[in-house]
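J.: Which chain is which? The protein sequence lines are A and B, in order.
Letter by letter, the first sequence follows residues 1 to 287 of my numbering.
Letter by letter, the second sequence follows residues 1 to 289 of my numbering.
The set of hints was computed from the structure by calculation and includes no laboratory data.
For glycine and all other residues, C-beta sits at the position ideal for the given N, C-alpha and C.
Treat the hints loosely; a few may be bogus.
Listed below are several chain B residues computed to face chain A (Cβ distance under 7 Å; list not exhaustive) [unchecked claim]:
(1) Asn7
(2) Leu12
(3) Pro15
(4) Val87
(5) Phe96
(6) Thr118
(7) Ile119
(8) Ile128
(9) Ser220
(10) Tyr224
(11) Leu268
(12) Leu271
(13) Ala272
Which bits of chain B does chain A cover? Going by a derived footprint, with three or more residues having C-beta under 8 Å, they are [to be verified]:
(14) 103-114
(15) 141-152
(16) 248-258
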Amino acid sequence: MTDTAIPEKLTAGGANTRPRFRVNSRAVVMTLYLLFLLLPIYWLLNMSLKTNAEILGDFSLFPRELTFQNYVTIFTDASWYMGYVNSLIYVVMNTVISLAVALPAAYAFSRYHFMGDKHLFFWLLTNRMAPPAVFALPFFQLYSSVGLFDTHIAVALAHCLFNVPLAVWILEGFMRGVPKEIDETAYIDGYSFGGFFIKIFTPLIASGIGVAAFFCFMFSWVELLLSRTLTTVDAKPIAAIMTRTQGASGIDWGLLAAAGILTIIPGALVIYFVRNYIAKGFALGRV
Amino acid sequence: MNKTQNNKAWFLVLPVLLLVAFSAVIPLMTVVNYSVQDTFGNNQFFWAGLEWFEEMLNDERIWNALRRQLTFSAIILAIEIPLGIFVALNMPKKGFWSSFVLVMMSLPLLIPWNVVGTIWQIFGRVDIGLLGYTLAKLGVDYNYTQNIFDAWVTIIVMDVWHWTSLVALLAFAGLKSIPDAYYQAARIDQASRWKVFRYIELPKMMGVLMIAILLRFMDSFMIYTEPFVVTGGGPGNATTLLSIDLVKMALGQFDLGPAAAFSLMYFLVILAISWVFYTVMTNLDKKGM
Numbered sequence: 001m002t003d004t005a006i007p008e009k010l011t012a013g014g015a016n017t018r019p020r021f022r023v024n025s026r027a028v029v030m031t032l033y034l035l036f037l038l039l040p041i042y043w044l045l046n047m048s049l050k051t052n053a054e055i056l057g058d059f060s061l062f063p064r065e066l067t068f069q070n071y072v073t074i075f076t077d078a079s080w081y082m083g084y085v086n087s088l089i090y091v092v093m094n095t096v097i098s099l100a101v102a103l104p105a106a107y108a109f110s111r112y113h114f115m116g117d118k119h120l121f122f123w124l125l126t127n128r129m130a131p132p133a134v135f136a137l138p139f140f141q142l143y144s145s146v147g148l149f150d151t152h153i154a155v156a157l158a159h160c161l162f163n164v165p166l167a168v169w170i171l172e173g174f175m176r177g178v179p180k181e182i183d184e185t186a187y188i189d190g191y192s193f194g195g196f197f198i199k200i201f202t203p204l205i206a207s208g209i210g211v212a213a214f215f216c217f218m219f220s221w222v223e224l225l226l227s228r229t230l231t232t233v234d235a236k237p238i239a240a241i242m243t244r245t246q247g248a249s250g251i252d253w254g255l256l257a258a259a260g261i262l263t264i265i266p267g268a269l270v271i272y273f274v275r276n277y278i279a280k281g282f283a284l285g286r287v
Numbered sequence: 001m002n003k004t005q006n007n008k009a010w011f012l013v014l015p016v017l018l019l020v021a022f023s024a025v026i027p028l029m030t031v032v033n034y035s036v037q038d039t040f041g042n043n044q045f046f047w048a049g050l051e052w053f054e055e056m057l058n059d060e061r062i063w064n065a066l067r068r069q070l071t072f073s074a075i076i077l078a079i080e081i082p083l084g085i086f087v088a089l090n091m092p093k094k095g096f097w098s099s100f101v102l103v104m105m106s107l108p109l110l111i112p113w114n115v116v117g118t119i120w121q122i123f124g125r126v127d128i129g130l131l132g133y134t135l136a137k138l139g140v141d142y143n144y145t146q147n148i149f150d151a152w153v154t155i156i157v158m159d160v161w162h163w164t165s166l167v168a169l170l171a172f173a174g175l176k177s178i179p180d181a182y183y184q185a186a187r188i189d190q191a192s193r194w195k196v197f198r199y200i201e202l203p204k205m206m207g208v209l210m211i212a213i214l215l216r217f218m219d220s221f222m223i224y225t226e227p228f229v230v231t232g233g234g235p236g237n238a239t240t241l242l243s244i245d246l247v248k249m250a251l252g253q254f255d256l257g258p259a260a261a262f263s264l265m266y267f268l269v270i271l272a273i274s275w276v277f278y279t280v281m282t283n284l285d286k287k288g289m
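Just chain B, same shape as in the assembly:
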């Protein structure tokens, strides 16, 4: 749509601006403020310059958390995106079963995040959980509180359980928008199932898939509650992802300066990567996909 130039439109945006300024800019400035100061208690602050940033950049702990975070995000993206597409391809397109499947699939999305954690914490327990109990009966040595590998498998399966539906619903919406004529043309050309997917369905889904990837990347990068409830960041520090580490530092140890510097760098990393996704996305939009 061609839009008219009108700077008075700013008045319509003003309420949002004020609200977001209150709930985002002020807190962010507080963080910036802490990140360049040091305190000895009693609310006395001293200028510390970029000291905290240097300290954080040289801190092994942060790099380890970042490495774990990147591993986690990469694994769940690698599983959820293909799996989501696959599920979407198999969803019934209309009728009662379509709504039924839609409602059932949305269910995990609307469960409070700590309840998601609780569900899997219980489910994986060897004594009272279905999964843990069955695995134990089968003779698999499974214990997510002791074994690093088991802890990782648990939080990854949990995230797949929690969020694959979102990817699937997005992909499904993309699939639904493909006109029947495309499929008919493919049938006339006797295209194989794979070719239909590769040359018709996948390109048509590209737009929503980019959004799915962006959302899943962002949200997995900020994940806190679910793994915290299940593993508490353990065993040891094995599942201490960035947010868990940050909350430990800020609210647990009350190391305001380092935590603030950490926060800003954390935010910037997300921002940078999301900006790349966003640019790719808007470019796809312009191409009309």
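Chain A extracted, bound-state conformation:
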């Protein structure tokens, strides 16, 4: 089986790449690795385009009777497509909130020493390290008691737990790269702090904001434990709705696969748009 064999093959061959064969061996390694990454996704796509009878009936590498019925079902049933809407609403809310509070904080960390700054920074990071499983139950009680249970804002705020520290961390790295003389010149030119921050500073770190937004989007989009615990009907994310396919007559595989494929699309789109910035964000090593 090619795909399970790859990891061993790669690690074993690790150090032996001779420069002479480089061009070739590179292409081979990357092809094998991408094959390993894409095969499971292809299989899901393949299943989503089949009828259940075909999925369970005969085994084939591509759909023989191509059908879009599974996708039609999702796009015509409000209880299905509202899941996507819900997910997108809380993810966008979370990204906006995270960036709005992280920007001034990251500026403070990158420009000033203040009492307890180092401890505060590490304390913020510890929240990125907190297992969601630890917070699931207390969040449930907290948001129930303040009447926010099953709302989008509850999930958005809960995800701030790990996204705000992350955004501060990434933005601080980008802001550190902007020379301080720019701030000082702007103040001499008579800008107020707010004016300087919005008109001059923000455009300078635009790619940093893009990278931070990307990671906030990503981590909020993929998280399930908290978003499932905090919602029942009105704000239920698509990832949680997918479990509905387990009906009385067994699992509706085709529908499950179609729903899965549709959850990959927003991420793929976002990646495509920020592809040139990602490398930069990773270069800072702050994820």
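With chain A held as given, fit chain B onto it using these hints.
T.: Relative to the frame of chain A, chain B by itself:
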């Protein structure tokens, strides 16, 4: 950069502080609160002191889950870090293929975690999954719901599939920052491929690699959704990692006291290990790596 001393900067940090206080400190205090109390229902609580902590520390179940968790994290780190470096060394550096590979590699990172679980749950099934079906055809007795070894292999391969790209992308970013002059110097010295890697590439990647290790350790230590979807913690308790066990205890059996004590110890373990990584990391930073 030399920073100025300014305690007014606290005002800029205030929004973050309030938000995180609401979404982290209050829930954490709730956990602390439960961990020292007992209840007989009806919302009546009694002081229990450190009873739950003692009980948890003597509970075989926790230690087993911790052992499984450490095994899991150690295995995936041992595979993903070298594999990630190896992939990064082979990634095309510029042009169309570079962006293409970058986008394709990021794909698994942006799939919701339960969908990752679903993908592998389907992929490994003997009746409808490509992997399971092929293995069965080859005569391999593979069944991740029955066989402990197969279940472990499945969740490990799944995690490698899911996260190796992150390590590779980080390492790739580190590699890209190495100036060409270094390689030219190595060529003049006729350094072997291995020596170039050992003395130029690896030291230059150290900073991002530490971050990769820290991230992969933290995230693998908190993993819940993916293995839960694939194996549900089974067969038996064979793949019940810490988070799965905790959610079972807290939301399944509603044993608030023990679960809260468990949570705190769990958090402290992660914190302690991460602190070590963080200190090493900032020290590397200071050395300018």
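J.: Take the hints in turn and mark each one as holding or not.
T.: Here's how the hints hold up against the structure:
| no. | hint | verdict |
| --- | --- | --- |
| 1 | Asn7 | holds (5 Å) |
| 2 | Leu12 | holds (4 Å) |
| 3 | Pro15 | holds (4 Å) |
| 4 | Val87 | holds (5 Å) |
| 5 | Phe96 | violated (11 Å) |
| 6 | Thr118 | holds (6 Å) |
| 7 | Ile119 | holds (5 Å) |
| 8 | Ile128 | holds (6 Å) |
| 9 | Ser220 | violated (11 Å) |
| 10 | Tyr224 | holds (5 Å) |
| 11 | Leu268 | violated (10 Å) |
| 12 | Leu271 | holds (6 Å) |
| 13 | Ala272 | violated (10 Å) |
| 14 | 103-114 | holds (count 12) |
| 15 | 141-152 | violated (count 0) |
| 16 | 248-258 | holds (count 3) |
Of the numbered hints stated above, those contradicted by the structure are hints 5, 9, 11, 13 and 15, listed in ascending order.
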